[in-house]
Amino acid sequence: MNRIDALFARLKAENRRALMPFLTAGDPDLATTAVLIQELVRRGADLLEIGIPYSDPVADGPVIAASYHRALTQGVRVGHIFQTLRTLRAEGDEAVRETPLISMVSYSIVNRMGVERYLNDAATAGLDGLIVPDLPVEESARLQEKATQRDLKLIQLITPTTPRARAVEIARLTTGFIYYVSVAGITGERKALPEDLKENVAWLRTQTDLPICIGFGIGSPEQVHELASVADGLIVGSALVRRLADAANRPRADVVKEVGDFIGSLSEALGGPAN
Amino acid sequence: MTQPASTESSATPTIPQTPDTLGRFGAFGGRFVPETLMDALNQLSEAYEEARADPEFVRELEYYWKDYVGRPSPLYRADRLSKFAGGADIYLKREDLNHTGAHKINNAIGQVMIARRMGKKRVIAETGAGQHGVATATACALFGISCTVYMGEEDIRRQKLNVFNMRTMGATVVPVASGSKTLRDATNEAFRDWMGSSKETHYTIGSVVGPHPFPMIVRDFQSVIGREARAQILEKVDRLPDAVVACVGGGSNAAGIFYPFIGDAEVELVGAEAGGRGGKAGDHASSLTQGKPGVLHGSFSYVLQDDDGQTQDVHSISAGLDYPGVGPEHAFWKDCGRVRYESVTDAEALAAYGEAARQEGILPALESSHAIAQAFKEARRLGAGKVLIACLSGRGDKDAYEVARLRGEPLG
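Residue numbers (the numbering used here), protein chains in the order written: chain A, 29 to 303; chain B, 658 to 1069.
Here chain B stands alone, though its shape is the one from the complex (with noise of 0.2 Å):
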């Protein structure tokens, strides 16, 4: 928070990195929003720029990110993964080793201190694998305020584990029963509550997503991932990587390694979307290899919808990649021609998760299984000798019951 990133990279000044005035990507982000929600993401916005600006604000969430989540994350070169994949060295940064295991604490504790400063009463957010809620249900509890999760009936059968805890901790967990029943529904209830109730409550957004400045709050908190293994790297290797690689949903931790790499034009920014079960449409969530330009909650970016602009279903293994929408700097990155996006499918991803816990016994989220997928392809791709960052943006213990269920082994 305290340094930007361009006074300790390299900028390219070609690529702004901040949103403009409407909190345009270039041509993406801005507001696509009822008028109901405006005045509300206008007084967001002031109350961002005054936090960021508060070297009180920076101090405590710097504290509660070293004292509470346990950061720095270590950066871990995984020898025998980068043996198993036969090219360079990967690194892991480890966001699975957070409290509450996974990147979304960053934000989440960020998010729910701006909502305490603007004297909101209640937070609501929305989730898919459930990360960010239990990230935000934490964050509500620690700062002794009323939380509301949105989660789709798909994802409650799919995590249970995720929303017993969250209950647990004194959040409210509301199902929702419309559409596909999962984080695009239940992103939608989430806007309709806050539609209603913005006077008194915050709406935490989980990824890079949203109308402006939600895109660029939770790119500016998750950047902490990069910052850290951007120093960590140049300390255990003394060069910047060859690569980085993330997997992207809505795109939050990949944001958030990516940012800080973004003017280092030597470093290859690889993303990883959910290829599914395929190439047809509704088989997988791969909104910027396979979208188009669009809108949908809230901002335009690359969006997986029809020819009349409807959103169309999408599959992932991945609850959390479960998505047919994409943060707008990523397509923003994906039209510059800085991050490179690829798909990587269900079968690619489960292999990875069995890897790496045959390799190096750590087990990944599904979401990070599709980084390490990726990972596996760019380390053979670049060779010996060079080095790659793969982000583990969370742990597997949250899909130990779906990937036994897909095994035909239940754990009941």
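For reference, chain A alone in the conformation it holds in the complex (with noise of 0.2 Å):
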């Protein structure tokens, strides 16, 4: 069974939400990304999401688009992830080869490598899904169906600028879970988020048996614990990719322990991991 659809059936019979971290992949450097995935892990993280660097993220706001740069200019390339990620699920400890990974991915970066071979090595590496978020529905067929024969989930978005009708048909294409954006805008922290949220969120359950994941503008314990209330999972990401900023100029574990004392305190909003 993915590792995704597994994880959201035990959750589900423990009424648990997930916590869902997004980190860059070699933001400030591979080998730290490895103990921090096992950090977050340790601390409540449920699922991971990888973000692979990219030149031009049209959808990141300054925090994750700097921290692009970053891996970037290290000389970070998609090869050298898929390796890190897959000494990870060899040689990591049972629970870290259980936590559900997928890939946050420009369709740029899929489509240079080929989709064949981008999913191949993903599915090798050990991923379980991706999140192609500058791949409408339109175009993602022949990606959907091929993530498909790889047991690989691809996870569509749903915006607040979806119209229903088209929210809908997204929800009857995706696999694994819905991504649903809390915000109109790009990834980054706000303080408040829209007042419909909830309501739209509500409504899409009524659509859809596949869990629905909150994500965008999410940022602290107090809205991860009012989001649970309607959503399947939240999503961390510019809360946590801030606190990597200048992590190449002090001690890795000061950095660790940073990343893993913020999840855990994510982790403790939602009730604290099981056990």
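If you are wondering where the hints come from, they were derived from the structure by calculation, not from laboratory data. Hints are supplied without guarantee of correctness; some may be wrong.
As the list claims (entries may be wrong) - Taking CB as the label site, the calculated pair distances span: (1) B/720 <-> A/173: 48 to 58 Å; (2) A/102 <-> B/737: 47 to 57 Å; (3) B/834 <-> A/59: 28 to 38 Å; (4) B/964 <-> A/173: 19 to 29 Å; (5) B/829 <-> A/102: 28 to 38 Å.
Said to hold, decoys possible - With the Cβ distance kept under 7 Å, some of the chain B side facing chain A (calculated, not the full set): (6) 799; (7) 852; (8) 853.
Said to hold, decoys possible - Keeping only pairs whose Cα atoms sit at most 25 Å apart, straight-line, the calculated DSS-like set for lysine-lysine is: (9) A/219 <-> B/893; (10) B/740 <-> B/893; (11) B/1034 <-> B/893; (12) B/856 <-> A/226; (13) B/740 <-> B/1034; (14) B/949 <-> A/174; (15) B/856 <-> B/778; (16) B/838 <-> B/817; (17) B/838 <-> B/949.
Backbone N, C-alpha and C define an ideal beta-carbon position, used for all residues, glycine too.
Since each chain comes alone in its own frame, lean on the hints to assemble the complex.
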């Protein structure tokens, strides 16, 4: 069974919500990324989104765009990222081996590497799915088909600007879970989330049986706690990545502890990890 | 606008002249954008289809093109340049004589009129050389719409005059400090703005790039260049030209002048890309002649990127050609062999800039200087008795500071 399906089945039985941190692969370097992934799992992360750095990420705000830029300046390549993940899957403890990993990757990268090669390499590296934020459903049929053949989930996004009829169609074409984008805009922490967010997610719930996870703008234990009532999972990106901004100039242990404590605080707001 | 090119030229049915429903020109084009923008693009497609079918919209656009921009722009036989080149007669399509000094105004007025029609309160734009920024700021002033222009810090340094003029007309110019600080980064920032603002904001893209329907809209508005040039050359020499040459960055003036000639198989179409300092990655901006098919800024076209799909740095002496991608219709024309694309170096463009000044008393933009340099080569190849049109897409006032700096005689 795909680890994503297994995770949401288990959480449903336990009546828990998934905590889903995003981090950029290779910021400040891939060795630290590997340590961070293990720490995040230890501190309560249920699923990890691995950002594949891209040179021109138009959906990302300054925090993640700068993080991608730092990683690329380090010379991080997609092949190195997959190698790091493959090693983690082989050598990590059981919790790390069983935690679903998905890549957040631009179609510019998938297209250049070739759809088949990207998916083969991702599957071999132990990834369970992918989000391609610049590939709308109109363009994603081929990728969807090839991903499904390899038991990889292609997670689609629904946003506040998506008309309802279109949202229903996107939900039908999604596998794994639905990524509901909380705000019309780019990634980045927001003090306040839209007033109709819960209402929109509640409506979407009536249209699909898939888990619905909310991302964009979420960065505090209060927000995570608040949205736990409507979502199956909460995605936290910029608030974590922000803590890597000057990581290259600090002792790694301090950075790992700070990020771990932050995720620990979010996990607590969701009621803590099971056992 | 009123007459599609196919009714005016002997169209060959093998080259489709509009994108399909997915916005594809052959394999190229499409929409590779976040879901957040899809509804805005669908609404824009609808609004544009309505506008171009509305005689009142077309009449008003043609009114502004004529009485405000100064269209039609002249088609001028450059005798001394032709003699210098030593071959075919070179005709210059004088887009530099338009209000604001470049072809960009043709599209900016059209798109701002669409923004107004859609009830948008605000317009954003990206700009490289500043010509599209100035044109958009101009159109926004004309229609009383709020305007924000994203511009790379490196381009702000190179194009101070345009920045000053945009601000004078009431536009907000936002410096972009990310990446290479040029057109590509300005385009990223404009998209990021639009992600959160599309409800009240129209994004006026300045070239035939980006997701569908932008490449089609910009091409349609710029096609006025080619329609006029075709009619003017028929009137002057009673036949079609042997070749049409234009510079290609994103490719809007080239698409505009080529499109009405696409069905005229006897007319050679030649695009001149920025060859920069040489053929090494990072030293040029020749997406079509040196790049590979890939995705950038919402469409599938030729792109300069590495094996991982990361966009490569580019260089051109000309800020307007300093871009790692190109419009998808050019990619289509290249692959089906209808248009030939060549690379012109910084040095060749600078030399052509000087020749145009000395031989004709015309200061071309550094972008257009690439077209003139290529026109010299084509004129020599074609030989005497042949006729060639080069698109003089913009005037060179904006480049005086940069050219003086390169010559070691800074203007202060």
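Going down the list of hints, with the structure as the test:
| no. | hint | in the structure |
| --- | --- | --- |
| 1 | B/720 <-> A/173: 48 to 58 Å | holds, 51 Å |
| 2 | A/102 <-> B/737: 47 to 57 Å | holds, 55 Å |
| 3 | B/834 <-> A/59: 28 to 38 Å | holds, 29 Å |
| 4 | B/964 <-> A/173: 19 to 29 Å | holds, 25 Å |
| 5 | B/829 <-> A/102: 28 to 38 Å | holds, 35 Å |
| 6 | 799 | violated, 29 Å |
| 7 | 852 | holds, 5 Å |
| 8 | 853 | holds, 3 Å |
| 9 | A/219 <-> B/893 | violated, 65 Å |
| 10 | B/740 <-> B/893 | holds, 19 Å |
| 11 | B/1034 <-> B/893 | holds, 23 Å |
| 12 | B/856 <-> A/226 | holds, 21 Å |
| 13 | B/740 <-> B/1034 | holds, 13 Å |
| 14 | B/949 <-> A/174 | holds, 23 Å |
| 15 | B/856 <-> B/778 | holds, 9 Å |
| 16 | B/838 <-> B/817 | holds, 15 Å |
| 17 | B/838 <-> B/949 | holds, 23 Å |
In summary, the numbered hints that this structure violates are 6, 9.
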